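Protein chains: 2
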Amino acid sequence: MPAQGDKISQFERYLQSQGLKSTRERKAIAREVLVISEHFDPELLQSRLRSKGTRVSRATIYRTLDHLITSGLVRKTSLDVEHKTAFYENTIVRGHHEHMVCIGCGIVIEFTSDEIESLQDEICDNYRFKPVRHTHQIMGYCRKCH
Amino acid sequence: MPAQGDKISQFERYLQSQGLKSTRERKAIAREVLVISEHFDPELLQSRLRSKGTRVSRATIYRTLDHLITSGLVRKTSLDVEHKTAFYENTIVRGHHEHMVCIGCGIVIEFTSDEIESLQDEICDNYRFKPVRHTHQIMGYCRKCH
DNA sequence: CTCCTAATTGAGACTGAGTCGCAGTAGCAT
DNA sequence: ATGCTACTGCGACTCAGTCTCAATTAGGAG
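Line by line, the protein sequences give chains E and G. Each residue of the first sequence is one higher than the last, beginning at 1 in the working numbering. Each residue of the second sequence is one higher than the last, beginning at 1 in the working numbering.
Derived by calculation from the structure, the hints in this document are not laboratory data. You may find that some hints are simply not true.
Note that the list lumps identical chains together, so a pair holds whenever it fits in one copy or between two copies.
Unchecked claim - In silico DSS-like pairs for lysine-lysine, Cα to Cα no more than 30 Å straight-line:
1) Lys52 - Lys21
2) Lys76 - Lys130
3) Lys27 - Lys84
4) Lys21 - Lys130
5) Lys130 - Lys144
6) Lys144 - Lys84
7) Lys7 - Lys52
8) Lys130 - Lys84
9) Lys144 - Lys76
10) Lys52 - Lys27
These numbers come from a predicted model, not from an experiment.
Throw the hints in and build the complete structure from the sequences for me.
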């Protein structure tokens, strides 16, 4: 697994290549995002930064998250139709995976399946569809809740 | 495939069983929803009703859609992380299916796979997770767009 | 190091989907 | 027909996310 520093400089290279500036706010956000191992929403991110003494406005949080997505450090996920706020996750700590979400207690279980992935590729082939990303979510009841 | 009338009376039975009333607005909304064979959002539904001379307020649209979901006539789907408005579809015309969404032109291709479904059930078993519903969306480029 | 300019920031106004409270309306059981 | 409730529409409200704009700052040129 690559070190965080590598990823930070990947982001800096991205900024430079786009003629964007490397500001205190952007660095702080990138650093924080890479440390969060869970799903997070913009508000959580802001409050975690604030608790470390870094004040960043809501607008900057959103703007920087977009850059982090474009640069490949962060991925946007939607946990369920019911969630009204967007969720994000960083792409280092969290490899590709799908979600099972418990309707009872809200716990999120992650899973992957190579078999499903390859069936999926097969289906895309049939439709001459070139897949870029996908989400696969199962809602139901976990062991404890049914 | 069951006739629409059946479904309408299923809805009426549901209303009655809940001590809810069968109003002109609810009937009009149910009738219209069963005729739409595409995905739709609340606004489209409202404008289709209006063009038929039935004026129904936004609040009633939302309230009735919730009842239609509870009664099983309608299903809520989210087409993509990017869509900010909710999408719905009726459950008769549209059986269970997954979506491929083209990032280029927005076209939605539907697919199903029994193999994927059973792999999915297997995975749920392993986690002692009782599935209720799921969504599986692939974003990418369709034949025409890549 | 200083200057200069374009990019960035924060504050707050704004937008648009969805919800809520309330006063008037209308099912429906008797 | 009456009366009890649920229902409707309206408009106010909420809340995530976006946008505008004036003030600030990064960072390259000199």
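Status of the hints after comparison with the structure:
1. Lys52 - Lys21: Within. Shortest intra-copy distance 23 Å satisfies the 30 Å Cα cut-off; inter-copy 55 Å does not.
2. Lys76 - Lys130: For Lys76 and Lys130, the Cα distance is within 30 Å both inside one copy (20 Å) and across copies (26 Å).
3. Lys27 - Lys84: So Lys27 and Lys84 pass the 30 Å test inside a copy (28 Å) and across (29 Å) alike.
4. Lys21 - Lys130: Neither, since 34 Å and 49 Å both go past 30 Å.
5. Lys130 - Lys144: between (39 Å within a copy, 10 Å between copies)
6. Lys144 - Lys84: within (26 Å within a copy, 33 Å between copies)
7. Lys7 - Lys52: For Lys7 and Lys52, only the intra-copy Cα distance (21 Å) is at most 30 Å; the inter-copy one is 57 Å.
8. Lys130 - Lys84: Intra 29 Å, inter 24 Å, cutoff 30 Å: intra and inter.
9. Lys144 - Lys76: Both: 28 Å inside a chain and 26 Å across chains, each within 30 Å.
10. Lys52 - Lys27: within (14 Å within a copy, 55 Å between copies)
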